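Using the sequences plus the hints, can you model the full thing?
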Amino acid sequence: MASDDIWILGITMTKFGKRPDDDVVDLAAEAALGALADGGVTIQDMGVLAAGNLMGAAAGIGQQLQKQIGQTGIPVYNVANACATGATALRTAIMAVKAGECDMGLAVGVEKLAGAGLLSGGSRKDDADTWTPKGRYGAVAPIDGRIGTEIMPGVFAQVGMEYGYEHGGATFELFARISEKNHSHSTLNPLAAYSKAMTLEQIMGDIMIAYPNTRPMCSANCDGAAAAVVVSDAKLKTLDPDQRRRAVKVSASVLTSDPWDEGCQQLPNVNTLTRRAATTAYEQAGVAPEDLDLVELHDCFATAELVHYDNLQLCAPGEAVPFFESGATWRTGSTPVNVSGGLESKGHPIAATGIANIWEVCHHLRGEAGDRQIEGAKVGLAHVIGLGSACGVHILEKAA
Amino acid sequence: MAEQVPLVDYLVLGDEPHLQANECTACGARFFDRRNACASCGKTEFTKVAIPTEGVLRSFTIVAFAAPGIPVPFVAGIVDCGGTHVRGNVVDVEPDADHVSLGMKVKLTTFPIGEDSAGTEAIGFGFAPLEAN
Chain P
145 MASDDIWILG ITMTKFGKRP DDDVVDLAAE AALGALADGG VTIQDMGVLA
195 AGNLMGAAAG IGQQLQKQIG QTGIPVYNVA NACATGATAL RTAIMAVKAG
245 ECDMGLAVGV EKLAGAGLLS GGSRKDDADT WTPKGRYGAV APIDGRIGTE
295 IMPGVFAQVG MEYGYEHGGA TFELFARISE KNHSHSTLNP LAAYSKAMTL
345 EQIMGDIMIA YPNTRPMCSA NCDGAAAAVV VSDAKLKTLD PDQRRRAVKV
395 SASVLTSDPW DEGCQQLPNV NTLTRRAATT AYEQAGVAPE DLDLVELHDC
445 FATAELVHYD NLQLCAPGEA VPFFESGATW RTGSTPVNVS GGLESKGHPI
495 AATGIANIWE VCHHLRGEAG DRQIEGAKVG LAHVIGLGSA CGVHILEKAA
Chain H
15 MAEQVPLVDY LVLGDEPHLQ ANECTACGAR FFDRRNACAS CGKTEFTKVA
65 IPTEGVLRSF TIVAFAAPGI PVPFVAGIVD CGGTHVRGNV VDVEPDADHV
115 SLGMKVKLTT FPIGEDSAGT EAIGFGFAPL EAN
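Sequences listed follow chains P and H, in order.
Numbered per my numbering, the first sequence spans residues 145 to 544.
Numbered per my numbering, the second sequence spans residues 15 to 147.
Careful, some of the hints might be misleading.
Far from chain P by the CB rule (all over 12 Å, computed), these chain H residues [stated by the list, open to error]:
#1 23
#2 78
#3 115
#4 135
Covered stretches of chain H, as calculated for chain P (at least 3 residues, CB under 8 Å) [stated by the list, open to error]:
#5 16-22
#6 30-40
#7 79-85
#8 96-107
#9 121-133
Stretches of chain P that chain H covers, calculated by requiring three or more beta carbons in the stretch to come under 8 Å of a beta carbon on chain H [what the hints assert, rightly or not]:
#10 266-279
#11 288-297
#12 300-306
#13 350-362
#14 468-482
Keep in mind the hints are simulated off the structure, nothing from the lab.
Just so you know, these numbers come straight off a predicted model, no measurement behind them.
Every residue, glycine too, gets a C-beta built ideally from N, C-alpha and C.
Take a look at the structure:
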């Protein structure tokens, strides 16, 4: 008898990096057609399309994509949820299938970001001719740089430093070592935007952006897309044995926003909503953190990776520093984290990220990850954070 | 003396400059912006409360790369002022990791940020290390 499980039937990510000859629709089409082919299905089989392109959120990437690969008349949900946009698109498709509105859906995330600079706080208006209070703070002049910082490397630097304030041990060198790990992992990923190992000295000696984050400790702006086809359990049972064998079970699909907490409107609190999403996901999946064979988490900055070890409960509360220092999160460790190279080296084409990290996990669960295969991987977790905030957590399991 | 205006409306000038929050009368949550309702409990009544001017640096970053027009490097941080977290720059200190540290005690300070065409002076705020450090 069919269960209410949802499965990833097909999934793909494009090569991340500089794609000057491809526009967002080209990249979205490459990913979407790739995912459909990977699942052995066509656009005519899809009952819903959820799509995200954060920088072009008003343009309706879903319908633009349909005009290239198939205007079948199905409902399109264009979604935008900061860096969690891809996970939100996937979850939207999952919800539609779970609700019984259709038995198959397509989720796509795409971004063109190669060469983009600071994505927030990268420009500042000149002071006005007269001081006139404006906005919710009654500010008479721009406040970025005058009252703290709006740039993401600085915001997430403070997220990591705050963990150090509360638990100790979070030094510049420790954060740089996290980056060293991810850059090392990326050397095995042919789809990564950057796949060069970097020494600790190179990382610490690179251009400082916002202490303690140097340039290689920041996520790489790049172009890329990812897409996934989801299918109901009942429909999957009617498909070919090969399709069923490669299908990956979505054991948990969770999206949270940040509950109010003191200080969360001064410095975004990326912890509480991640912790809640993880707790709910572990309950949904009936999986414990120690069961995970690999984790792709949102290392938008090296300082962010540290706090999410704790938030995802990969270690005991407050123990993220010794957990990392034990070697647990290297690909040879007990809980490999970001074996793709993470956002720091694989790259972070915003709306693609929340599906690309699921592709990475699926790739290992299917035993198709080649040189970087985590042997015998059966369960994995993918996590994204979009500031504002939104957190997506998915737990995936190999077909029995 | 030139007329003065605060950079933001939650900075109260005068003999004893301080920051002022909107505190929810129902749950005590504090906010620095104009409110529609409380993000913690949803109620809509607020009272103005003065924030202690001394605090502890909970977190910081030293921004070395920012938009044109913003002098770098500068220290941005979060100060715990008697239980209320406040965003602000750490000023009157060398902007490097040898001189700024987590947990350091700081105190609110104000300073002019410039005059407009009418000669009105805008006053900003930051947090300076307490001399006892």
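task = Tell me if chain H covers the stretch 288-297 of chain P under the three-residue, 8 Å CB rule, please?
result = holds (count 8)
Residues of the stretch 266-279 of chain P with Cβ under 8 Å from chain H, three needed, outcome = As far as the stretch 266-279 of chain P goes, the hint holds, because 10 residues have Cβ atoms under 8 Å from chain H.
key: Claimed coverage, the stretch 350-362 of chain P by chain H - three or more beta carbons nearer than 8 Å   = Result for this restraint: holds, n = 7.
request  = Go check the stretch 300-306 of chain P versus chain H for me, would you? Three or more residues, Cβ under 8 Å, otherwise it fails.
outcome  = With 5 residues closer than 8 Å to chain H, the stretch 300-306 of chain P meets the three-residue bar; holds.
query = Okay, the stretch 30-40 of chain H and chain P, do three or more residues pass the C-beta test at under 8 Å?
reply = violated (count 0)
Verdict on chain P covering the stretch 79-85 of chain H, criterion of 3 CB contacts below 8 Å = Since 7 is at least three, the answer is holds.
key: Least C-beta distance from residue 23 (chain H) to chain P larger than 12 Å   = violated, 3 Å
task = Report holds if the minimum CB distance from residue 115 (chain H) to chain P is greater than 12 Å, and violated otherwise.
result = violated, 10 Å
ask   = With a Cβ-Cβ cutoff of 8 Å, does the stretch 121-133 of chain H contain at least three residues near chain P?
value = Held - the stretch 121-133 of chain H has 5 residues with a Cβ nearer than 8 Å to chain P, which meets the minimum of three.
Chain H over the stretch 468-482 of chain P, status - at least 3 residues with CB closer than 8 Å = violated (count 0)
Given as non-interface: residue 78 (chain H), partner chain P, CB spacing beyond 12 Å = Incorrect as stated: the minimum Cβ-Cβ distance to chain P is 4 Å, not above 12 Å.
key: Cβ contact check, 8 Å cutoff: the stretch 96-107 of chain H against chain P, three residues minimum   = Holds, because 7 residues of the stretch 96-107 of chain H bring their Cβ atoms closer than 8 Å to Cβ atoms of chain P.
Consistency with the previously given hints fails for numbers 1, 2, 3, 4, 6, 14, ordered from lowest to highest.
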